[in-house]
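Enquirer: Read off the chains here:
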Amino acid sequence: MRDTFARTLYQVAKKRSNVFIVVADISPAGSMAPFREEFPDHFINVGVAEQTMISLCAGLALRGCTAFAYTIATFSIYRPFEQVRIDLCYQNLPVTVVGIGGGVSYSTLGGTHHAQEDIAVVGAIPNMAVIAPCDPLETEAATWVCAERNGPTYLRLGKAGEPNLTGDAPEPFEFGKVRKIKEGRDVCIIAYGPIMKMAFEVAEKLERDEQRSVAIYSAHTVKPLDTAGIKRILDNFETVAVVEEHSVRGSLGGQVKQLAWDVRANCKLLTFSLRDEFIHQFGSQRDMWTAHGLTPEIIYDAIVAGS
Amino acid sequence: MMKEDTLAKTFDAAASKRRCRKFRRRILDISQTVSALHAAGAFSCLEIVDSIYFGLMQRDDEGRLTDTFLLSKGHGSLAQYVVLEELGILPREELDNFCKPGCILGTHPDFGIPGIEAATGSLGHGLPITVGMALADKVQGIDRTVYVVLSDGELQEGSVWEAMMIAPTLGIKNLVAVVDLNDFQSLGRTSETHPNFYPVLDKVSAFGWETVEVDGHDQQAIFDAVSSRLGGAPMMVIARTVKGKGVSYMENVPIWHYRSPSPEEYQQALLELAGEEEA
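Chains H and R are the protein sequences, given in the same order. If you read the first sequence in my numbering, its first letter stands for residue -16, the second for the next number, and so on. If you read the second sequence in my numbering, its first letter stands for residue 2, the second for the next number, and so on.
Derived from the structure by calculation, the hints contain no laboratory data. Using N, Cα and C, we set each Cβ at its ideal position, and we do this for glycine too. Where hints are given, some of them may not hold.
Unchecked claim - Straight line, CA to CA, 25 Å or less: simulated DSS-like cross-link-like pairs of lysine-lysine:
{"no.": "1", "chain 1": "H", "residue 1": "K(-2)", "chain 2": "R", "residue 2": "K23"}
{"no.": "2", "chain 1": "H", "residue 1": "K(-3)", "chain 2": "R", "residue 2": "K23"}
{"no.": "3", "chain 1": "H", "residue 1": "K240", "chain 2": "H", "residue 2": "K163"}
As the list claims (entries may be wrong) - From the structure, some residues in chain R lie toward chain H, with a derived Cβ separation under 10 Å:
{"no.": "4", "residue": "P129"}
{"no.": "5", "residue": "T131"}
{"no.": "6", "residue": "D138"}
{"no.": "7", "residue": "K139"}
{"no.": "8", "residue": "I143"}
Same shape as in the complex, but just chain R (with noise of 0.2 Å):
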């Protein structure tokens, strides 16, 4: 449902900038806390996650968030606890403790954690769910947007496209997903190993959503495509995005789908992204 104040809402884009600069050196220090963590595919959708949060997501008179968000694509849940400390939803000592006994965050997020709407973690999930969550706000007339992240691996599996085909169908028009397009997916390019998948808007166009494809890695582009949508049908935007965007090193390279950084490594991503905060 398309509404009058969130076109009149502003974004800044550049605190923006700022806050995913900030998440990614809060991800990499709890990288040196564990041996493995999907810092990559957290590091592609952090320009997504914080857009959603900080600029689209509806608030009530309290500041507290009225909108719901489900990350789909749950091994990327770094960026989004990175957002829910932010946000000040998650205790720091918490995401201190990331994947330690006693804790409650784990790799992939877990029910009944605050900030998180369902269980993720095996992919497909998501966006059903979300179809179901839409569908009670849409007949119990609550006026409240779903927003959804999926990855372009998730994608591939079937239950995606059973709910892509539903939704419209069922009337839905409160509904935003955002696919983090990294072209990655666990053993290799997305585009080899599914090359006539693309391009992937097409696909979901035909099925009766409002599509648009955008830089993933742009907040303000993000922002802009998903307040300015029709909301005749829900919508998918597209991101096209860079798998461990931000670390050179990391950048489209798959053994960081898993893998955290050594000593030597996190120094070094440290100092790219200090070098990017001065230019």
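Isolated chain H, as found in the complex (with noise of 0.2 Å):
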């Protein structure tokens, strides 16, 4: 994801003048070399000094210009949150803050670098967007939308290697809305994010141990959420499930469940989330979803439990 997002990146500027990425000492170094062999005035390293990043992207953007501030997820909200709230999205200003390794992605690296609850803090400020592609294809047209938007966006990308999955979706990536990625009758699966793999497992065996027809949505943009796509989803299915790599607190399965509420839904709602603690384990990204009790095996069951 971060290599295409830094190969997008090199094709906006190509398009585009005032583009600058600004980075805290975190860059993909191979797919960032042609933007900075061509553009070098344009990539500007500040060090660590996650503050400065920010605001240094709101001076840019105040003169005319398109900034994505990039640097790991944690980093990338947490420390500078003022920055991020008053000079970003007070100002509703174009700069895109880029956090590698949403979620639990960085696995080997331990609960400081655990970005579990990121959509909450940053989508809790008023103007800001969130939008987290599920693979490298969603990452490339995400890229595009968020040089394009005129306020601030999250773009909250994996870290590295994520396969593609979107390449046969039967809709197109657009900003603000869910998108269909795989047809299905019975069952619906939403998810955002790189844990959008772990819906495909789970389909293919409803598939084929259980004879459901399964769906799969991918909620890239978290926020503005798409409520009418939700609800739509709602109406058409028997079973719904969201699957994502964030706390059950604030962000999409407790909206699910809201909108849920709010049009009196016929369907099985179910949801899985990372759990609201931090965990003290090292392994890969799945042993760290396994640790907070997100299996394949454990949403099949919970979905043939619950029809």
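Both chains are given apart, each in its own frame, so use the hints to dock them into the complex.
Expert: Here it is as structure tokens:
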């Protein structure tokens, strides 16, 4: 995902002269090289200084430029939270905060590097949009959206090595719209971000072992949420499951439940999130999901039991 | 960037002194319409703000300001509002209705108001924002200087030092920061809460800035120091000031960070300013 982001940003900069990326001592070295070589004045490393990374981007935006702030997700918003809130969101400036390793991608680096409540935190700020693509293809589309938006965006990316899942998606990527990426009739799984691959694993098993037809939707734009699209899903499926790599508080699962109440939805609704707790474990990203109680088997069993 | 015409420019310091007396009266008038305002912090930076707007900032052929000014110590907003009013950028009725419902002017400068480049009020944001502005101008080849005024208490914010470290490294020269060193923060003297912070100038110089220390109430000194800068690095002016300058009972008395004068105190302040005018 981060390499796709860097390559796409290079394409954006080739088309537009006023694009800057400001990093805080973190950068995808290889994939960012073409941008750095061709636009050296537009690649700024402020060093380990996240507050200045954000405010400097605001200054660039106040001069009519489009700026991307880039670092590890935790450092991109927790450390400079007030700069994000006031300089970017209060002033509604076209700056994208790119958080690398949203969720628990940095699985061997420990809890200091887990961004498990990041969407709740930035999503609470007025004007802020949140986009969390599920694969490199969505990352490319999302990067273009960020470059063209007129307000602040938090672009929550995985780390590296995510497979493409949306190559055959029946619907295109559109900012602010939930996107059907796999057809199905009985069960619908809504997810966003790299944990989307778990949604596919669950769908495959449900179709194989239970003969259930499973649709999958990407809720890549977590804010503003496509409430009309979510309501249609709640109307059209007998079972809806939300799977997300984010704390149970303040993200997609709770919002879908709220919408379900508002529309008196008749479907079975299940949500699967990270726990509202810090974990002190190391391993793969999948090991972190497991530690938070998120496995394909658990989700599969819950859907089968609930239907 | 050093400009030939800046050096040649003249500055009428006597006119500036007259304006600043008028500005102090205007701020005192406004103080009688609200329960609290940051008059003392505005009085300490009035001469600084006036010399920047009326002496240092460049104008185009039609007299419009082309340089940028940002008041990072947003609580001193009245100092900027009265100048913007004098320049005709802010309409008089807005300042008459300061902090009233429907008025665009509050205690801290809000984004979107005429003459206000960014929302300030939370300290430590202005310097890094202006570094971004100056960087955009530099990369895009725009000949423009960015002026930013900070408070000395504000220098305790880490973000200020982040920006101070990176600005010279980025090759920024078109940035002039002025520290309103009035030696006061809300709870007391800055030199007492942070004695090792002094002398400030050495620390800023060590970060690669061109620095100078001036009397922050001497408009000519401010103008001369900035106009004669070498221009090979961003500049920081350490301007020694008196909090509450111009009104005896406000000078160096912390309560006036917030308080509005009573009607009697207001009359006394007006008399003092009138006396200064005669003298």
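Enquirer: All the hints need checking, so say for each whether the structure fits it.
Expert: How the hints compare with the structure:
1. H/K(-2) <-> R/K23: 52 Å, violated
2. H/K(-3) <-> R/K23: Answer violated: H/K(-3) to R/K23 is near 53 Å, above 25 Å.
3. H/K240 <-> H/K163: Distance ~19 Å between H/K240 and H/K163 Cα, so the pair holds.
4. P129: With a closest approach of 3 Å, the R/P129 hint holds.
5. T131: Hint on R/T131: holds, closest Cβ of chain H at ~6 Å, below 10 Å.
6. D138: Hint holds; R/D138 Cβ to chain H Cβ min 7 Å, cut 10 Å.
7. K139: The hint holds - R/K139 has a Cβ within 10 Å of chain H, the shortest such distance being about 8 Å.
8. I143: Since the shortest Cβ distance to chain H is 8 Å, the answer is holds.
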